[in-house]
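A.B. asks: Given next are the chains, with one letter for each unit.
Number of protein chains: 2
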Amino acid sequence: MTDLPTVTAFDWVPDFAKGLVRDLRVRWAFEEVGLPYATETFGAASPRPEGYVQWQPFEQVPAFRDGELELFETGAILLYVAEKHGSLLPEEEQARWQAIAWLFAGLNSVEPACTRYFAYAVFNAGKDWAAGAKEAVEPLVRQKLKRVSDALGERDWLAGEFSIADIMMVTVLNGLKSSSFVAEFPNLAAYHARGTGRPAYKRALDAQLADFDGPAPAPQGA
Amino acid sequence: MTDLPTVTAFDWVPDFAKGLVRDLRVRWAFEEVGLPYATETFGAASPRPEGYVQWQPFEQVPAFRDGELELFETGAILLYVAEKHGSLLPEEEQARWQAIAWLFAGLNSVEPACTRYFAYAVFNAGKDWAAGAKEAVEPLVRQKLKRVSDALGERDWLAGEFSIADIMMVTVLNGLKSSSFVAEFPNLAAYHARGTGRPAYKRALDAQLADFDGPAPAPQGA
Chain A
109 MTDLPTVTAF DWVPDFAKGL VRDLRVRWAF EEVGLPYATE TFGAASPRPE GYVQWQPFEQ
169 VPAFRDGELE LFETGAILLY VAEKHGSLLP EEEQARWQAI AWLFAGLNSV EPACTRYFAY
229 AVFNAGKDWA AGAKEAVEPL VRQKLKRVSD ALGERDWLAG EFSIADIMMV TVLNGLKSSS
289 FVAEFPNLAA YHARGTGRPA YKRALDAQLA DFDGPAPAPQ GA
Chain B
109 MTDLPTVTAF DWVPDFAKGL VRDLRVRWAF EEVGLPYATE TFGAASPRPE GYVQWQPFEQ
169 VPAFRDGELE LFETGAILLY VAEKHGSLLP EEEQARWQAI AWLFAGLNSV EPACTRYFAY
229 AVFNAGKDWA AGAKEAVEPL VRQKLKRVSD ALGERDWLAG EFSIADIMMV TVLNGLKSSS
289 FVAEFPNLAA YHARGTGRPA YKRALDAQLA DFDGPAPAPQ GA
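For the protein sequence lines, the chains are A and B, in the order given.
Numbering of the first sequence is given in the working numbering, commencing with residue 109 and proceeding in unit increments.
Numbering of the second sequence is given in the working numbering, commencing with residue 109 and proceeding in unit increments.
No lab work stands behind these hints, which were simulated from the structure alone.
None of the hints are false.
Given that identical chains are not distinguished, each listed pair holds provided it fits within a single copy or across any two copies.
Below, in silico cross-link-like pairs of lysine-lysine (DSSO-like), each with a Cα-Cα straight-line distance of 30 angstroms or less:
#, residue 1, residue 2
1, Lys235, Lys285
2, Lys126, Lys254
3, Lys285, Lys126
4, Lys310, Lys126
5, Lys310, Lys192
Work the whole structure out from these sequences, hints included.
C.D. replies: Structure follows, in structure tokens:
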């Protein structure tokens, strides 16, 4: 046990998931505010620690603890970190709510289309229906990215200054890294590079990758 | 123009969308806190009012205005209404953040699976790949509902007392009304009935349905 704010993470994931696990969002926020945090790790394919489902009802990563407070959902955790530390959200009311709107938009208006694309292009790629489903979702992914691209325009960040909205959107766009969708929108590609080029992002990603030092799961049936 | 808080809504939708448009969430919140609101309406199949994309970057419904403040994303609007009126969120810190976590969970951990099911069971039902995609997403819908059912247990509401998390989750479950998934989880079916049985929900739904008094779109090519 530790007194530090604690985020759960994996100590092993399959290669395709490296850099995509969502604890990256929380690590990035802590690196931006310059505060230490601790991790509790287990394998992506391992049984969850006893009682984990009470902490994270979907048994996913991350869950978060700060003292007595327990929390799940990356959107909620980012909002908590921003509110607690008075950072990563603009102070001016319209800009603050614009950032919160984009935080939700990343999770609900953009990510689901990306997840669907990933499900058909990668996870279910071998199924006989996957090509049709993938083809049908591609225009949806493009439409969502075009909306974000148009809204972003020439600005550096979604709510003017860097905020939790950008931590969310940049990591949502990471989910498309096996495709060339983002490159179709030059200002969005530049935005993504600007986000992943931040020193705090790099420290967070390095820390996440360094935690993948656990054993691979035993072959099934062994 | 009006000084009242204003939500955008449709004045015409195809039949399958009745009761599913997301402005219902915002109307419900205002009915719960007992405050008036105004609507600005247009047809679901009509061009958006000029400048709407600056207000709602995805050109969806709802967008929201309160005085000078403009906002989009139902999760953000619900959070704004709750914070502004000191209502619909528990006061105790853990319960408050639990409600916020479930607000996000409705939008990101549950709704996307429901949307995918709807996309294959209804929207694309005639496509030759839709049956395979639908079959593949059904276990995901069941898994998500089981998680919510297990977490809810015997409680009436997700964060103990009624909150914006319930406005979100009940309306997310509305999206499965053309299926029998929710009925497979008796405590979830009872929760959904408890939510939609609230007088404020009924007033919100009646108001939404009453606004569908606009003209149907002209047949294409006419």
